[in-house]
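Asks: First to last, the protein sequences are chains A and B. Just so we're aligned: 543 in the working numbering is position 543 of the first sequence, and the numbers increase by one with no gaps anywhere. Just so we're aligned: 43 in the working numbering is position 43 of the second sequence, and the numbers increase by one with no gaps anywhere.
Hints are computed from structural coordinates only; laboratory data are not their basis. This structure is a prediction, so every number in the text was calculated from the model and none was measured. Check each hint, because a few of them may be wrong.
What the hints assert, rightly or not - In silico lysine-lysine, DSBU-like type, Cα no more than 30 Å apart, as pairs:
1) Lys633/A / Lys87/B
2) Lys92/B / Lys585/A
3) Lys15/A / Lys497/A
4) Lys585/A / Lys87/B
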Amino acid sequence: MVTQAETIDSPEGRKLLSLWETAPGLYGWLASVDHKSIGIRYLCTAFFFLIIGGIEALVMRVQLAQPDLKVLSPDAYNQLFSMHGTTMMFLYALPMLSGFSNYLWPLMLGSRDMAFPRLNALSYWVFLLAGIFLYVSFPIGQAPNGGWFAYVPNTSLPYDPGINMDVYALGLIFLGVSTVVGSANFIVTLLRCRAPGMSVNRLPIIVWGTFTASAANLLAVPAVSLACAMLWLDRRYGTHFFEVSGGGQPLLWQHLFWIFGHPWVYALVLPAMGIVSDALPVFCRRPLVGYTLVAISTVATMILGFGVWVHHMFATGLPVMSLSFFSAASFVIAVPSAIGVFCWIATIWTGKLQFKTPFLFFAGFVMLFVIGGVSGFMTASVALDWQLTDSYFIVAHLHYVLLGINVFPVVGGIYYWFPKMSGKMLDERLGRWTFWTMFIGFNVAFFPMHVTGLMGMPRRVYTYPAEMGVGWLNLISSIGAFVFAIGVLLFLINIAKGLKSGAPAGNNPWDAPTLEWATTSPPPVYNFATIPQVASRYPLWEDRLKESDERSIIGDLARDGMVLDKGKETIGVTPLDAEPNVVLKMPGDSILPFLLALGMTALFFGLLAHVIWLTALGVVCEIVILALWLTPKPHVAEEEVEVYE
Amino acid sequence: MNEIARREILPVGGVDTVSTAWWGMACLIATEAILFVYLIFSYVYLGSQQAGPWPPSGPPSLKLAIPNTVILIASSFLLGWGVLPFKRRHDKRRLVLALAGTIGLGAIFITIQGFEWASKPFVFSTNAYTSAFFILTGVHMAHVAVGVLILIMLLIWTLMGRFDGPHHEHLPLGALYWHFVDVVWLAVFTTAYLVPQFK
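One chain only, chain B, in its complex shape (with noise of 0.2 Å):
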């Protein structure tokens, strides 16, 4: 048997790009953007195939768009105001603000989101622009549910105090994907909802 020649001290688990965890989300947001890349892909290919004026019903109206884009951003930085800080100082009360506060955020845009398609003349089947549409912002709702669901884990781990121990990269990968979905929301506004008006 041979002796101990050293002892080195290594973290368990690590945290950001130390832990594995930080590059299995990774990975999943980038199979998750190439999905709105192809996607978008897939609008802008439909639209200019079109032998007519793309959309065909005209210029999706931003009035609830823009309020809608306005509140998803923000919400992003009320979510880095508490997870950010999170790290350094445990400040619970300020994380649980900003959790409830980003879940409401989410649970308004995706609110603001089903009225406006509520108000729309058309349906999903009514023509190759609206199943685009459709399936580009539905796909992206999908992601802000999920984001929403995945706040509400965390909000109820952190109430549970699952964090109170030195582990707690469950926080910045959850605000990650959340980041993630908002900044994706910025290229699906501005190919379904900035680029048509310039027609």
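With the rest of the complex left out, here is chain A (with noise of 0.2 Å):
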């Protein structure tokens, strides 16, 4: 049998190198279009927000450690939860898991790439660049300071006259434009560039997930954007949409935000638990228990959540007709969401378990979905969320969603696929620290929160009296803010070790089932050198699980599978079956996405300071820069294609 390493020294190996590999320096650098590339810059950046984001959140914890303080000013402390919220949902949250997702489809769906890889670095650029831009006005003291759901009229123009919240508004539509153009990519990645053989019943599950959240992203991203630019003609065109005295509605911003919103929210954890879904049961040493359930699930909750948008705006006075029909929606969503529950605590159950570092940051994440998921079904009842509505239960809650569901799963995978991407190991012994640092630090910061609410401490309010009685409260929740952050530093200190020193990992260091521990661990740039044909869900564990005597072919060891190296091409198969049915021609490097984010970025700072010919000059950008981006290529009609058996 060849080996992986001898695949890539071979002539062939080298062939489709050379097709493959991705021009050196600065240049290749700005015009890569490699997905694996794209997923790690996609992490990078997005762990670096995730750090800003947990930097703000730590200045606010010491401002309220104790009642009366006087670290912030009231306007600092707007700013600083504003960000904090707009980075950590925005810039964070959903970008670390397009990172991931990024990195991983092609490789788990043995593919070469994303359908489209130029809109895939175009969706890198403008996050990073929008992301640079959300932050622009805060050295000058003037960031976005409506907290991240920006309501009116809090945030129209008498009361709030600087540039923050033009900053916002435009901020978020720019930001917007990566994330419909990632989505597209997913949902076409999905539909069409699969290994033949690979159906949507073998599909991995944070596949599921991401596809999921991507169409609902394509469906629920318009919404901001249109409220975000009503916002801007507002304040800066004395238009009414939301402006009382010209006839305009308040609440059309927290509908057209809170469509958007909710369905955001499942964006933001589906592809997280699909992270959990793939990776947890590796550790049971079994596959996952209720695969078709789990699937199912998470196309569920996504369609449901898309009918719970208004269980925000309880307080607002909506008739008692339409809370009752949202918040009977917001009760049946934690249906599917408990199916899921089930499902990992029986495969945890059945399961030979593995007490590794990945594991229990997955334990730990079903434990504190639990956790969050149960507040959530406590604040779907209209009457107790009046209650509760606006004070620090909400935030315990939403934190316990967020941090939950997102961060943990997000550094077990790291955890999990970072021996992939580098090829080294991270340290156990390390990595079992930052676990229970970070969460032992994450119930001592908000569990005590759930209590603060309770006894009445209004959210995003800076200070409050020592009469409140909450002060100890308070001061607990911020020495666990700080044990965390300790946690997310251990972690960091884990990543530069093993990046330096690690152990070399090899191919599959876990023994997991899925293809993308099938390839080199780093992977060569062109994936596998000859496309798999799949044959099961778990391609790597069919001689254990015995399901049938069908056997995948692991592309590149024996060299079997679809060649496809008459140039950079991969294979494209139909939407359900993945029978092949085309033979996709890739684009090579390419300096135009990165060219076309700038256009972007000169376009909305030329909105944002009024400056009419800079705008001018970014739509010219863009229209020359698309022109060129679609002009039609002359290639053949048809292609031989030669299969190794």
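From the two separate chains plus the hints, produce the assembled complex.
Replies: Rendered as structure tokens:
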């Protein structure tokens, strides 16, 4: 049998490398369309924003540690909590998951890249530049200050005259471009760019999660982009969308924002749950219990997720009929979530457990999800929500949900896939310390907030009087926040140590079942020397599970499968059954995505600063670059594909 | 090293739903369509919350809007007349005629719409109705403009001979976008022009 290394060194391997390799130097760095480098860039940038948002949180926790502190002015506090929320929700949580999916999808699906590699690069550059845009007014003390959901009229011009909310409104429209093109790319990649035989009932769950989230983003993001456009027009061009004296409606903002906002919350958690559904079973040494149920509840959660947005608006004076409907829908959504939880518990229960670091993070996630889910279930009740809304109880709930379901699976996922990405293992002992520090710190920080909220402390207020009696609870929360931050620091140290001197990982250090573990660590730029042929849900466990006599062909090792080396190309398949039906020519390095993102930046800065020529320049750039991008290139009509067996 | 077991002939790039570009365009149209759903929702929501009449200035005049609608719909048929048979018979002259004609009709639509806007007794910032009216028709007009730009590029590429070979997927995809823009106009026209007539 031919080994992986021999494949890479063989003439065939070198040919593929010359076809797929990114150019060296700065040009190559700016022009790369390789899904693996884009994925890692996404992960690093999103983690950087996590640290920024985390530091903002720590500064707020210092201010809140005791009653009547004056560390921050009320205005500075407003900007910090707004930027903390905006950063975490928009610049960390989804981009982080996009990073995982960008890196993993083609490897898991047995393809060589995403459907639209240049669009993938565009999505990253726009994310990066929009992230910078959102922070551009931070140094001059004019950062967005109306909370991450920016309710009018608090954010309308008379009450917030600076450029703060203009940055927010334009920044979110800008970032929305990244989200939408990224989502479209995921959708088409799933439907068309898989290995033959990778039918929909064999997809890893993270693929289901990201696909569902992407479909939702495609339908939800335009709502917030429109709302932001209206906010900006109201503020700068005197329109009356939200302004009552001209017949506008403040509640229109809330409707549009939460029609987007609630599906968005699910987009932040479903791919992360997918990480758990795929990686947790590896440490239980068995397939996931209830694969089909988990896949269906992933989709069901999202469909229901479009019908619950009003539960963010229970206290706005809407008719009782409407409240009842949305309350009921919010209760129902607990069902698919609970199905997931029971499947994970059953997987752990019936498995032979290996208590490695990723397992700890995934098991910790299950517990935090249950706590966050129960507090969510409580607030689905209108009567209870009227007592709890805008209090620290909600702060506790949303952090249990978002850190529990996003941050813990993400860190666990990095422990799990870091060996694949870097070829090196992370330190196991330090990993356990990381987990326990983060887990204890998190619970110490956020569990007391349930009580703080029940005792009546409102959220988003920069300080509180000593007579409220919540000083000691806030002190505990502040201590917990710093312990959690130490956990994140330990994690970063582990990454640095791993990159420098981690033990070599080998192809499949966890003995995992999915396709990405069949390639070398790190994978060659073309992923698979030949296109794999997938015969089951767990291609690398087939000899053990013995579900059928069929065996998958794992691309590289023995050079079985489709060759596809007549150019930079991969295979396209039918959407459901994954029958190969087209050869897809993949674009080489391209600077256009970067330039397009720069043009867009000029456009948005022009709008922000009311510089017409800059906006016009941006628009002209966009048109020229898009025309170049889409120029039809001559190529053959059909091609002969050789299949080795 | 293993033996070549079999050879398959597969299309490269593919046409219609076999190509990935078609699915990309479907995603673009889906997200744009939902944008118009939100625009219409905003318009209707603001209208439903008014104490007084909606529109406050009385129903908009149909004098220019109806002929304009006819022009836009006609442009879709003209484009289809040129693009649809191109796959089978490479009738380049007919294609160029159709593209140029559609661009012309699109430009006329934009011009007439511009005149209609200018003749309104109110501006963008007058009240909630005018804001909702102009953002709805304005976003649509921006889409018409983008559609015209796409058609101009298709015309240039056709004249450059870029579609003389076996691949001309750009044409049906560009046409699809144009048809989408026209269908959306029917929804916009119904919401902002027709419905107010019946109050």
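Asks: With reference to the structure, classify each hint as holding or not holding.
Replies: Here is how each hint holds up against the structure:
1. Lys633/A / Lys87/B: 17 Å, holds
2. Lys92/B / Lys585/A: 26 Å, holds
3. Lys15/A / Lys497/A: Distance ~34 Å between Lys15/A and Lys497/A Cα, so the pair is violated.
4. Lys585/A / Lys87/B: It holds: about 21 Å lies between the C-alpha atoms, which stays within 30 Å.
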